[in-house]
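Undergrad: Once you've looked at the hints, dock chain B against the given chain A.
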Amino acid sequence: MSNVGIVIVSHSPLVAEGTADMVRQMVGDEVPLAWCGGNGHGGLGTSVEAIMNAIDKAWSEAGVAILVDLGGAETNSEMAVEMIGEPRAQKIIVCNAPIVEGAVMAATEASGGASLREVVATAHELSPS
Amino acid sequence: MSAGTLAKTGTMDKTGTMDKVDLMTLISATADTIAAHASELTTLDQAIGDGDHGLNMKRGFEAVRAEAEAFAAKPLPEALKAIGTKLVMTVGGASGPLFGTLFMALGKEISAEPNRASLATAFGKAIEAVAARGKSQVGQKTMLDVLQPVHDALLQGKTGAEITDAADRAADATVPMKALRGRASFLGDRSIGHMDAGGRSVALLVRAVVESIEGHA
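Chain order of the listed sequences is A and B. Under my numbering, the residues of the first sequence are numbered 1 to 129, in order. Under my numbering, the residues of the second sequence are numbered 130 to 346, in order.
Extracted from the complex, chain A is given alone in its bound form (with noise of 0.2 Å):
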């Protein structure tokens, strides 16, 4: 597809599932869309290797913004970006914006072809600094 993707990473599997619910009813499959939530041992938190899956799932060649909840889903994020590596890591931004609002918008941008820069950009409006 050549829309961009659209990630969410919660510390919650049901906070990431029902924000990936609300976006499919915005933009259906128009978007390559993939959560992740949770340690990966049943508890709460977020988890690189999840990460790194749930960016493969949503990749598209137009890039994958990734929306996130709490400081360590941030820092799990940058992570696993950064373990994917070059070339396809300068295509993924984790984006400063609050994680249901952020995938909601972001995604609806996205789903009418617009670049990274911009489904980026929309996310970041809802964000305060």
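Don't read these hints as lab results, they were simulated from the structure. Please note that the accuracy of each hint is not assured.
[To be verified] Label pairs and their calculated CB-CB ranges:
id, chain 1, residue 1, chain 2, residue 2, range
1, A, Asp21, B, Ala176, 27 to 37 Å
2, B, Gly317, A, Asp21, 44 to 54 Å
3, A, Gly40, B, Ala241, 27 to 37 Å
4, B, Lys254, A, Asp21, 37 to 47 Å
5, A, Glu125, B, Ala290, 50 to 60 Å
6, A, His41, B, Glu257, 27 to 37 Å
7, A, Gly113, B, Gly317, 38 to 48 Å
8, A, Glu125, B, Lys264, 39 to 49 Å
9, A, Arg117, B, Glu191, 38 to 48 Å
10, B, Val304, A, Glu61, 42 to 52 Å
11, B, Ser168, A, Gly113, 51 to 61 Å
12, A, Glu86, B, Ala246, 28 to 38 Å
[As the list claims (entries may be wrong)] Which bits of chain A does chain B cover? Going by a derived footprint, with three or more residues having C-beta under 8 Å, they are:
id, region
13, 15-21
14, 58-68
15, 77-84
Don't be surprised by glycine CBs; every beta carbon is placed ideally from N, CA and C.
TA: Chain B in isolation, oriented as in the chain A frame:
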């Protein structure tokens, strides 16, 4: 942990090289101390964090222990990089990438046969990598507040006992700090009065490493 002490206790040969046996010992000692203090670390993290630090660290260091022989068979830089990657993949939480980055960056910067000076330089670079990963700096009630004094002690030629004391004091010194990074920062002033769990983990690891190298473990 001066070069003289290292040579005297025989854990480094005359060129200051750590051999494979020592890496096995270090892996075992670090995993032991994290396992022994896992509930303490979790209690610290429960006070001002999300309460998973002890369990996460234990899972990561046990995963490293499980493959200790494979790591020890590699040259030191590659071993440290592989250990860091293993920690990233197994610790979880923010601690995974942070402690993983510490080891990965140390492996990237260290020479195959480090002496004290080159170890100190590599350790300094590794601390910078952790700071970049966590978008943090010294004084924000994080593991950096223990790593930096340990680096200073290394540079100043302190003994192993002085280095472990510096690490313990630095961890204690996080108690009155206000957290500015991580989950604890959400608590604002309420984070004051509790020790930073990541800083405590660093102090534990430093003691395990120093005591292993000096043969007191």
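Undergrad: Now, for every hint given, state plainly whether the structure supports it.
TA: Now the hints, each set against the structure:
1. Checked against the given bound of 27 to 37 Å, the beta carbons of aspartate 21/A and alanine 176/B, roughly 35 Å apart, stay inside it.
2. For glycine 317/B paired with aspartate 21/A, a C-beta distance near 34 Å fails the hint of 44 to 54 Å.
3. Between glycine 40/A and alanine 241/B the beta carbons are some 33 Å apart, a value that agrees with the proposed interval 27 to 37 Å.
4. Between lysine 254/B and aspartate 21/A the beta carbons are some 44 Å apart, a value that agrees with the proposed interval 37 to 47 Å.
5. One distance hint, 50 to 60 Å for the beta-carbon pair glutamate 125/A and alanine 290/B, holds here, with the actual separation near 55 Å.
6. Between histidine 41/A and glutamate 257/B, the C-beta spacing of about 31 Å keeps the proposed range 27 to 37 Å intact.
7. One distance hint, 38 to 48 Å for the beta-carbon pair glycine 113/A and glycine 317/B, holds here, with the actual separation near 43 Å.
8. Separated by about 21 Å at the C-beta atoms, glutamate 125/A and lysine 264/B break the suggested range of 39 to 49 Å.
9. Between arginine 117/A and glutamate 191/B the Cβ separation comes to about 43 Å, which falls inside the hinted range of 38 to 48 Å.
10. Between valine 304/B and glutamate 61/A, the C-beta spacing of about 51 Å keeps the proposed range 42 to 52 Å intact.
11. Evaluation of the 51 to 61 Å hint for serine 168/B and glycine 113/A yields a pass: the beta carbon distance comes to about 53 Å.
12. At about 33 Å, the CB distance of glutamate 86/A to alanine 246/B agrees with the hint of 28 to 38 Å.
13. Given a C-beta distance limit of less than 8 Å, the hint that chain B covers the region 15-21 of chain A is violated, as 0 residues qualify and 3 are needed.
14. For the region 58-68 of chain A, the proposed coverage by chain B is not satisfied: 0 residues have a C-beta within less than 8 Å of a C-beta in that chain, short of the threshold of three.
15. Residues of the region 77-84 of chain A with a Cβ under 8 Å from some Cβ of chain B number 3, which satisfies the need for three, so the listed coverage holds.
Against the hints set out earlier in the document, violations occur for numbers 2, 8, 13 and 14.
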